[in-house]
Amino acid sequence: MEFVVIWSGLANIFFFCTRERVSTMRTSWADLAASSAAENVAAGSANNCGAGTTTAPGRSAYVPPHLRNRPASSDPPAAANSGPAVGSDRSGHVGSRWGGGPRNDYNRSGYSGGSRGGSGWGGSRGGGWDRGRGDREVNPFGDEEDTEEAFGEQENTGINFDAYEDIPVETSGENVPPPVNTFAEIDLGEALNQNIRRCKYVKPTPVQRHAIPISLAGRDLMACAQTGSGKTAAFCFPIISGIMKGQSMPRPARGARTVYPLALILSPTRELSMQIHEEARKFSYQTGVRVVVAYGGAPINLQLRDLERGVDILVATPGRLVDLLERAKVSLQMIRYLALDEADRMLDMGFEPQIRKIVEQMDMPPPGVRQTMLFSATFPREIQRLASDFLSSYIFLAVGRVGSSTDLIAQRVEFVHESDKRSHLLDLLHAQRANGVQGKQSLTLVFVETKKGADALEHWLCLNGFPATTIHGDRTQQEREQALRSFRSGNTPILVATDVAARGLDIPHVAHVVNFDLPNDIDDYVHRIGRTGRAGKTGLATAFFNENNTSIARSLADLMHESNQEVPDWLLRFAARSAYSGGRNRRSGGGRFGSRDYRRDSSFNRGGSDYYSGGSNNNNNSGGGYGGVSGGYGGGGGYGGSGVTSAWD
DNA sequence: AAAAAAT
1 MEFVVIWSGL ANIFFFCTRE RVSTMRTSWA DLAASSAAEN VAAGSANNCG AGTTTAPGRS
61 AYVPPHLRNR PASSDPPAAA NSGPAVGSDR SGHVGSRWGG GPRNDYNRSG YSGGSRGGSG
121 WGGSRGGGWD RGRGDREVNP FGDEEDTEEA FGEQENTGIN FDAYEDIPVE TSGENVPPPV
181 NTFAEIDLGE ALNQNIRRCK YVKPTPVQRH AIPISLAGRD LMACAQTGSG KTAAFCFPII
241 SGIMKGQSMP RPARGARTVY PLALILSPTR ELSMQIHEEA RKFSYQTGVR VVVAYGGAPI
301 NLQLRDLERG VDILVATPGR LVDLLERAKV SLQMIRYLAL DEADRMLDMG FEPQIRKIVE
361 QMDMPPPGVR QTMLFSATFP REIQRLASDF LSSYIFLAVG RVGSSTDLIA QRVEFVHESD
421 KRSHLLDLLH AQRANGVQGK QSLTLVFVET KKGADALEHW LCLNGFPATT IHGDRTQQER
481 EQALRSFRSG NTPILVATDV AARGLDIPHV AHVVNFDLPN DIDDYVHRIG RTGRAGKTGL
541 ATAFFNENNT SIARSLADLM HESNQEVPDW LLRFAARSAY SGGRNRRSGG GRFGSRDYRR
601 DSSFNRGGSD YYSGGSNNNN NSGGGYGGVS GGYGGGGGYG GSGVTSAWD
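Okay, so the first sequence: first residue is 1 according to UniProt numbering, each after it adds one.
Worth flagging that the hints you see were computed from the coordinates, not collected in a lab. It cannot be assumed that every hint is accurate.
Restraint ranges, calculated between C-beta atoms of paired labels, are given here [what the hints assert, rightly or not]:
1. R412 to D389: 33 to 43 Å
2. R309 to K452: 22 to 32 Å
3. P366 to N181: 41 to 51 Å
4. E174 to E547: 16 to 26 Å
5. G453 to E174: 20 to 30 Å
Subject to a maximum C-alpha distance of 25 Å in a straight line, what follows is the list of computed BS3-like cross-link-like pairs (lysine-lysine) [as the list claims (entries may be wrong)]:
6. K421 to K451
7. K421 to K452
8. K329 to K357
9. K203 to K245
Built from N, CA and C at the ideal position, the CB exists for glycine as well.
Between the sequences and the hints, there should be enough to build the whole structure, so can you do that?
See the structure below:
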């Protein structure tokens with residue numbers, strides 16, 4: 001039968017302390033600014049703010065595009081860093097668990113060690129891409145000599161582990177492998193260990209501590225972890241390591257131009273795919289494992305050429321991948337690892353058919369043969385149900401407190417009428433500027449609802465002396481990438497974005513996320529604010545709320561409450577009003593503990609209503625719904641039920 | 001109702 005384990009540094013009290021604030025984490029704007037290290041400006045060239053809409057007073061810091069210099073070191077976009085940890089870790093290898101899972105044997109069976117080398121494969125894996133062709137692997141760390149100093153942005157490589165110390169973790173499923181405390185405990189292989197050192201990761205983040213052993217044991221995984229907590233490495237390390245350790249076998253020779261990746265990583269936006277690709281390239285440097293990215297909006301020919309040079313790990317957005325599959329440029333029949341990042345988004349209405357096509361209707365090995373890993377910060381139970389089609393005897397892992405937003409993000413909500421939003425935003429920006437909290441070291445990300453709205457606001461901000469740019473789906477891919485570069489580098493310290501930028505993007509120095517227009521879905525809110533407060537750093541999120549946002553009032557109030565945020569009385573009144581009048585979102589209920597394994601509360605719910613069910617209870621009752629204490633859930637009935645909200649109703 | 005994702 002299934003059993004549940006709760007890992008926590010403070011296991012027996014985590015339930016009762018979820019309301020405590022980690023006080024050392026809390027910081028003011030000024031502190032935020034001060035703690036942001038100088039960022040070297042890189043990308044020059046135009047953002048759409050400059051030339052056309054030039055104007056205005058007070059833009060002292062703003063340098064028009066044609067005057068911007070372009071520093072010599074233009075190479076590494078990869079230097080954009082994310083992820084955790086500094087320092088080094090020993091390389092000791094402890095007992096190897098390799099080949100432990102049935103799936104690890106998959107690649108050994110049959111062909112074992114086939115030396116047919118149809119495509120330069122014999123023996124050394126890596127598709128022969130850097131052998132025999134004279135190709136040289138570009139150093140993704142962007143440092144020519146030694147890695148030590150070139151990566152000098154210490155500040156943003158350091159994850160604040162204190163912030164994660166007492167984080168509650170829930171796992172469920174059969175035979176859950178225990179977590180590890182150091183990278184050294186895991187046998188990832190020397191090449192990968194060296195890259196971990198180059199990335200200055202000292203020790204694994206909580207999600208990594210748990211997810212990596214699970215994956216290495218060959219198990220399928222559904223993982224729910226806070227934004228900014230190191231998920232990418234959590235699924236990349238086992239994949240890379242597994243590919244290195246696996247016997248290489250010849251790819252089928254069919255269609256000389258068809259390539260056969262061993263791992264597939266899917267993500268919902270092009271920019272996120274790019275980011276994952278860059279990370280994965282760093283992790284696989286000099287391992288012989290080759291990572292290729294494919295996404296729409298960019299010339300397919302370049303991507304095809306890249307693929308033909310060999311691919312072990314393919315990172316892609318769904319549309320472009322389907323295209324490649326239909327052209328028979330890519331076959332999935334050798335896939336051993338499948339990872340879906342932002343998995344709940346990948347399986348929601350817009351994406352599900354495409355994902356099903358890729359995963360179920362092409363030539364990918366079925367669950368149980370391949371290994372599947374799903375990651376997201378939010379995991380609605382309905383989506384969990386869909387996702388279970390892709391998994392085999394999987395382990396559910398939830399890391400982090402309430403709703404995957406963190407105490408690291410100070411959330412504010414302000415009542416702002418629609419007509420006042422612009423001037424209110426301007427007030428905020430002026431205040432930031434006055435505090436010195438704005439500019440290259442301190443970025444502001446503004447979310448709006450529509451693409452047109454994004455353009456309009458960007459233009460207006462520029463007119464008013466605040467250099468801004470915008471990213472949304474109506475812009476060309478070039479423009480999107482340019483906007484992101486310009487924002488990242490601080491040349492344009494304000495980015496107006498639609499939800500295309502809501503998920504996954506790791507942009508250091510985002511100090512402030514403004515929800516100019518609130519989303520209708522609380523999960524989208526969680527992802528949006530997760531663009532700040534990353535890698536253990538603090539951040540600020542401000543939301544403009546008005547009568548158009550009543551549908552999110554309840555879940556927003558719940559979320560803020562559970563994240564130890566002050567909830568304004570007026571918001572509680574909106575929440576109370578909409579609570580029973582159907583203010584429920586398409587798929588979510590409200591209260592939350594990130595998520596819990598839907599397999600575990602199926603017995604509790606009758607209509608499959610709310611995936612978080614116990615969520616709002618968790619912090620309120622001390623009965624502890626987790627350790628399987630009976631009644632933890634039943635009482636109060638989650639949402640729209642009775643008695644749940646008594647603490648602050 | 002909107003956004004994203006192939007051409």
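Hints and how they fare:
{"no.": "1", "hint": "R412 to D389: 33 to 43 Å", "in the structure": "holds (40 Å)"}
{"no.": "2", "hint": "R309 to K452: 22 to 32 Å", "in the structure": "violated (41 Å)"}
{"no.": "3", "hint": "P366 to N181: 41 to 51 Å", "in the structure": "violated (35 Å)"}
{"no.": "4", "hint": "E174 to E547: 16 to 26 Å", "in the structure": "violated (49 Å)"}
{"no.": "5", "hint": "G453 to E174: 20 to 30 Å", "in the structure": "violated (48 Å)"}
{"no.": "6", "hint": "K421 to K451", "in the structure": "holds (17 Å)"}
{"no.": "7", "hint": "K421 to K452", "in the structure": "holds (16 Å)"}
{"no.": "8", "hint": "K329 to K357", "in the structure": "holds (16 Å)"}
{"no.": "9", "hint": "K203 to K245", "in the structure": "holds (22 Å)"}
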